[in-house]
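*Asks:* The residues making up each chain are set out below.
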Amino acid sequence: MTNLKLLWRDRRFWRISGQFLAVFLAVVVVIILWSNLNRNLQQLGIKFGFDFLKQQASFDIGETPISYKPTDTYSRALWVGLINSLRIAIAGIFLTTIVGVSAGIARLSDNWLVRNIALVYVEIFRNTPLLLQLLFWYFAVFLGFPKTENKISLWGLIYLSQNGAEFPWFTLSPEFSALLLGLTFYTGAFIAEIVRGGIQSVPKGQWEAARSLGLKPGLVMRLVVFPQALRVIIPPLTSQYLNLTKNSSLAIAIGYPDIYFVSSTTFNQTGRAVEVMLLIMLTYLTLSLTISVVMNLFNRMVQIQER
Amino acid sequence: MTNSQLLWLRKNLFSTWYNSLLTVVCLVFLLWIARGILIWATTQAQWAVIQVNLRLFLVGRFPQSLYWRVWIVLAIASTLAAVTWGVFSSKQRLTKLGLTLYILIFATLLVILPLDFTSCLWLLLVGVLLAIGFWIGRRFTKVIYPWISLVWLLSFPIILWLIGGGLGLQSVSTNLWNGLLLTLLMAAVSIVLSFPIGVLLALGRTSNLPLIRWFCILYIEIIRGLPLIGILFLAQVMLPLFLPVDIRLDRVVRAIIGLVLFSAAYMAENVRGGLQAISRGQIEAAKALGFNSLFVVILIVLPQALRAVIPAIVGQFIGLFKDTSLLSLVGLVELTGIARSILAQPQFIGRYAEVYLFIGLIYWVFCYSMSLASRRLERQLSR
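Chains C and F are the protein sequences, given in the same order.
Per the working numbering, residue 1 is the first one in the first sequence, and the count goes up by one each step.
Per the working numbering, residue 1 is the first one in the second sequence, and the count goes up by one each step.
I should point out that these hints are in silico values taken from the structure, not numbers from a laboratory.
It cannot be assumed that every hint is accurate.
Claimed, not checked - Below, computed lysine to aspartate or glutamate pairings styled on DMTMM-like, alpha-carbon distance capped at 20 angstroms:
1. K287(F) - D10(C)
2. K11(F) - D110(C)
3. K54(C) - E275(C)
4. K216(C) - E193(C)
5. K216(C) - D110(C)
6. K47(C) - E63(C)
Here chain C stands alone, though its shape is the one from the complex:
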């Protein structure tokens, strides 16, 4: 009896039994959901399994970096989608860094006009939905361009038309261009604020010391202030890169065939909700993890090296 009373008062008992209760409840819920799922799938006549990946996809994809025909398999189609996702993510991360860092530095310029243009840019792009911006770039801007016959020339370097952006050595489809511009300017506005915060976190004494050594303002920024600001900038910058990659799934709204677009078409044709969802999860978790790992390595490089 006294033993039981002791047990009753022991905090360890409560901690362990509480956890087991929580796990037990979670397991029960999962079992119920799982049995519902099985029953529902049975009723729909679908068996769980990934063999549908070997079937013929029989849908066309607008943009194919590797050779692809509608007679190819679903796995080939998904592969094309994945490469398209990677293309947009890498190009987006590269461009948005340039735009974001420039706008962030411009926010601190001593030129009133530059400072305020950057401010207006940030406030406009940060406070409207990305989806809306993408729709605007695609439908209002790119589809609003003239036909290919009278394309607009920008200094003979870029030609803009309904067929997208033509550079002398390559062409970008209107879907890719709109998605890239949308993601770049949206994420860039967030990065600008991160960069500004990072630069402002560097003590003023660092500026003054560097200036007193006779360094020009540009060099002070590049050699003294920015490397120190990077320590503050990188962690939130990483999450912006992750956001950009995840947000690239909005490609479905303007018809750029990324992995989400292809998966969703696959689901519509085969009805394989569970398998497709697992594939989507796996892809994005892998992408996110890769970006995190790379950025964490980079982060370790710029931290203060102490003995």
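With chain C's structure known, arrange chain F on it following the hints.
*Replies:* Below, chain F without anything else, positioned relative to chain C:
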């Protein structure tokens, strides 16, 4: 031009040759853009698409005979907002400029919006209520302050009841909740529901019970690794598969579940930041006074932690407000969804720029005012 103006120009625009060059380039760029926009807006754009469809943008296909309910909802929400604003800005003086600006905004709204007589009266009433609410908030700050969040919470079911009906009111199917109304509703419902879940997840993640901690970490990291559109897909398509056959969930309810699942994970990370900001001494002091763990969390830790992360939560709300636009991709007719259906009307085909700019402006006004409010709150809390 006076001397001081010249000095300002010299200091801010033409301090070095390099800055002068930048100024000139920027000016040319601005003029070029302004000219383009002006020409487009006055000669090429057809603003009729906005004028004709204003009702659709705001409330969609909500039955016209029941508009009074939407107006009452607007009146309640704006009065409460004004009271809250009054309470939090009690230290500032109301300037003459602010008052003139306020009256001017309402007057222009009354003039430009193509409203009928009753709507004008309602709008006028809302304007007056805003002013009264602000005055009450400033006058009775001390009395109202502790109750304000409770009043907000209580107003919530009333607002839902007014919009959805039932209990003596004619009920309105969720199919007819459209436009800005649905956008605001989805954002508010999701943030309110995801808040307690987020707090629990954050507590779980920082708890020293390993099983619970792992479960919370797993949930938060998986959800944060997925794009929102994937989670909405999960909620729309997979959720019915996980439920018993005879339970059918409404499309709007499924969307809310998706948004809550998503938002709770992000909320948890925000709250975790607040939890980490609390020094161990606070917890130890509370324990030394004989509080048990539950009371330490509820009475000591959470109030301090949540206070610290209010700005982050407002930021989360802004993000969620923008993200509701994705609901148009899973078939809901909120602001972006209604824009899509308006663009499908045969007489307005191709008027993308006008429609998108207009709804962009609506989103912008809401998000920008929220971010202004959050900045102000931050300043007030850091005092």
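*Asks:* Each of the hints needs a verdict: does it hold here or not?
*Replies:* So, going through the hints one by one against the coordinates:
1. Of the pairs offered as hints, the one joining K287(F) and D10(C) holds, with about 16 angstroms between alpha carbons and a cut-off of 20 angstroms not exceeded.
2. Of the pairs offered as hints, the one joining K11(F) and D110(C) holds, with about 8 angstroms between alpha carbons and a cut-off of 20 angstroms not exceeded.
3. Only pairs whose Cα atoms come within 20 angstroms are accepted, and K54(C) paired with E275(C) is accepted, the gap being roughly 14 angstroms.
4. The hinted pair formed by K216(C) and E193(C) fails the criterion: a straight-line CA distance of about 25 angstroms is larger than 20 angstroms.
5. Straight-line distance between C-alpha atoms of K216(C) and D110(C) comes to about 15 angstroms, which keeps the hinted pair within the 20 angstroms bound.
6. A hinted pair counts as satisfied when its Cα atoms are at most 20 angstroms apart, and K47(C) with E63(C) does not qualify at roughly 32 angstroms.
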